[in-house]
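Peer 1: Protein chains in written order, with the numbering used here: chain D, 1 to 340; chain H, 1 to 218.
Wrong hints could be hidden among the right ones.
Calculated lysine-lysine pairs in the DSSO-like style (CA-CA distance at most 30 Å, straight line) [stated by the list, open to error]:
1. D:Lys36 / H:Lys132
2. H:Lys155 / D:Lys36
3. H:Lys130 / H:Lys70
4. D:Lys184 / H:Lys80
5. D:Lys36 / H:Lys80
6. D:Lys36 / H:Lys209
Bear in mind the hints are in silico, worked out from the structure with no lab data behind them.
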Amino acid sequence: MKRSHHKNTIRKDPPARPVKQDVRQTKKAGGDFVDKLNAYRDLHAHALFSSLGRLVASPFTSIMTIAVLAIAISLASGFYILVVNLQQLTGNLETSNQISLFLRDDVSDAHANKLADTIRKNASVQDVKIITRDQALAEFKTYSGFGAAINALETNPLPIVLQVLPKNTLEDKQGLETLQDTFKQSPEVDFAQMDLQWVERLQSIVAVARLFASLLNVMLGIAVLFIIGNTIRLELHTRRDEVVIAKLVGATNAFIQRPFLYTGFWIGFISGVSAWFIVTLLMLILRQPVEKLSGLYEGGYHLLFLSFTETLGLIVISSVLGILGSWAVLICQLHQTKAE
Amino acid sequence: MIKFVNVSKRYPETGDVLRNVSFHLQRGEIAFLTGHSGAGKSTLLRLIAVMERCSRGQILLDSEDVGLAKENQLPYIRRKMGFIYQDYKLLTDRTVFDNVALPLVIAGYGHHEISRRVRAALDKVSLTGKEKKYPLALSGGEQQRVGIARAVVNKPPIIIADEPTGNLDPELSAEIMFLFGQFQQVGVTVLIASHDISLITQLNRRVLKLDHGQMVSS
Chain D
1 MKRSHHKNTI
11 RKDPPARPVK
21 QDVRQTKKAG
31 GDFVDKLNAY
41 RDLHAHALFS
51 SLGRLVASPF
61 TSIMTIAVLA
71 IAISLASGFY
81 ILVVNLQQLT
91 GNLETSNQIS
101 LFLRDDVSDA
111 HANKLADTIR
121 KNASVQDVKI
131 ITRDQALAEF
141 KTYSGFGAAI
151 NALETNPLPI
161 VLQVLPKNTL
171 EDKQGLETLQ
181 DTFKQSPEVD
191 FAQMDLQWVE
201 RLQSIVAVAR
211 LFASLLNVML
221 GIAVLFIIGN
231 TIRLELHTRR
241 DEVVIAKLVG
251 ATNAFIQRPF
261 LYTGFWIGFI
271 SGVSAWFIVT
281 LLMLILRQPV
291 EKLSGLYEGG
301 YHLLFLSFTE
311 TLGLIVISSV
321 LGILGSWAVL
331 ICQLHQTKAE
Chain H
1 MIKFVNVSKR
11 YPETGDVLRN
21 VSFHLQRGEI
31 AFLTGHSGAG
41 KSTLLRLIAV
51 MERCSRGQIL
61 LDSEDVGLAK
71 ENQLPYIRRK
81 MGFIYQDYKL
91 LTDRTVFDNV
101 ALPLVIAGYG
111 HHEISRRVRA
121 ALDKVSLTGK
131 EKKYPLALSG
141 GEQQRVGIAR
151 AVVNKPPIII
161 ADEPTGNLDP
171 ELSAEIMFLF
181 GQFQQVGVTV
191 LIASHDISLI
201 TQLNRRVLKL
211 DHGQMVSS
């Protein structure tokens, strides 16, 4: 209908126009699809860059929003990397199936040596190491930092310890427990402590920490959604005239939403990148103290930073949250502008 | 082209704003819509722009029943119409070119086609050479002509103007009316809401008169 209508009208137009119209008709026949595709690509490119331009044009507002988001996201990824580090720490300990036997105070060094020899003969034991009272005290002095205080003690409060290393074949918990019970029964032993128990306890602490971090991350994710949603709502409010005009000249909701979705994307993306910088900076600050601490425990522990995949994940998740937050608000708000 | 059949519009707060309004504008017809303030002119225009739907009756635009159109089809119906407003409704942070190009960008035209059509539309309203200016740097008459260029750039079969000469002096008003006459001659249906009785009588065109929501003459 519309086309034929234009053809009819052309003849009444000024003489120059029909010629132009003909040119257009022939050109359109060939490259209509390509033209439209290019136009669509241009629209996206334009929305991508103009939304970034708008963020740059109001730097104060943008920086405040992005700072809040970056802190929220870096908290989330900070908790994540903390748990990753704890997991690595307990992962290292997992192989230890040592049993420590704390001997009674009245047991002498010679007696302890004899006991060690007896234990060595046990079929499931690989080796036994004696830590005498003096050795234990010296070790404690060096690493605990209580040197001066210990010097003030009149007697050595530390017991003799036999570190029993079971054979590697003995890996199941039950076997270890039976072994522990045997040791407990000998009169010289005050109490027998399985290192594995400590590992298990630590592991359940890490499991709790991990769950806590996951819950916290979900909360922070929701907070990020709300912050971005609110930012887009304000943006939509300031650009209300533009939205109404675009609607009047026949814009679809997809067209109107596009620049706002890109704004959400940019906010999420930039916040994600900023959060990575914040986390990495904090980790750099923590690295030396952690390594010193690890040294005190004779462990060569190195702090784990966010890996490449994790960094990528962080930025992708932030960007997706940005798009989702804006999208949710746009769906609600554009229905309201309908009444205009 | 525009056909109202017993159209009523009721708002919960104010009751019936339009009651049993019927009229039919043929293709290539030009008409004025008049009536006192609150007679329902704006509501009628909003119904044509499908920014709202009528409570009763039937509205046909280009033989299409807009009451049956789904929400996502409304933008495509609006593209058949060019709207001109008393306050111009231009985007002040965009150039004249970008303002006029908006309907084409929305319709997904390519670069060259947009450029060609925008220049043709600006030429039509005698604004050639002002493409790179911003609306606020132009006079009222020029801004209104930018609005007109935007309304016709997509070559819509219908043009709706809401008080287009409200802010203009008689000389500029006559110029704008002359432009509308030209569009009508090429087959465009033009509906102009106006208070300007002297202008209306002078032009001697069809007049649709609303009084308290009812069409008293058409």
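Peer 1: Each hint needs a verdict: does it hold in this structure or not?
Peer 2: How the hints compare with the structure:
1. D:Lys36 / H:Lys132: 25 Å, holds
2. H:Lys155 / D:Lys36: This hinted pair holds, its Cα atoms lying about 18 Å apart.
3. H:Lys130 / H:Lys70: 39 Å, violated
4. D:Lys184 / H:Lys80: 93 Å, violated
5. D:Lys36 / H:Lys80: Holds - the C-alpha atoms of H:Lys80 and D:Lys36 are around 19 Å apart, at most 30 Å.
6. D:Lys36 / H:Lys209: 43 Å, violated
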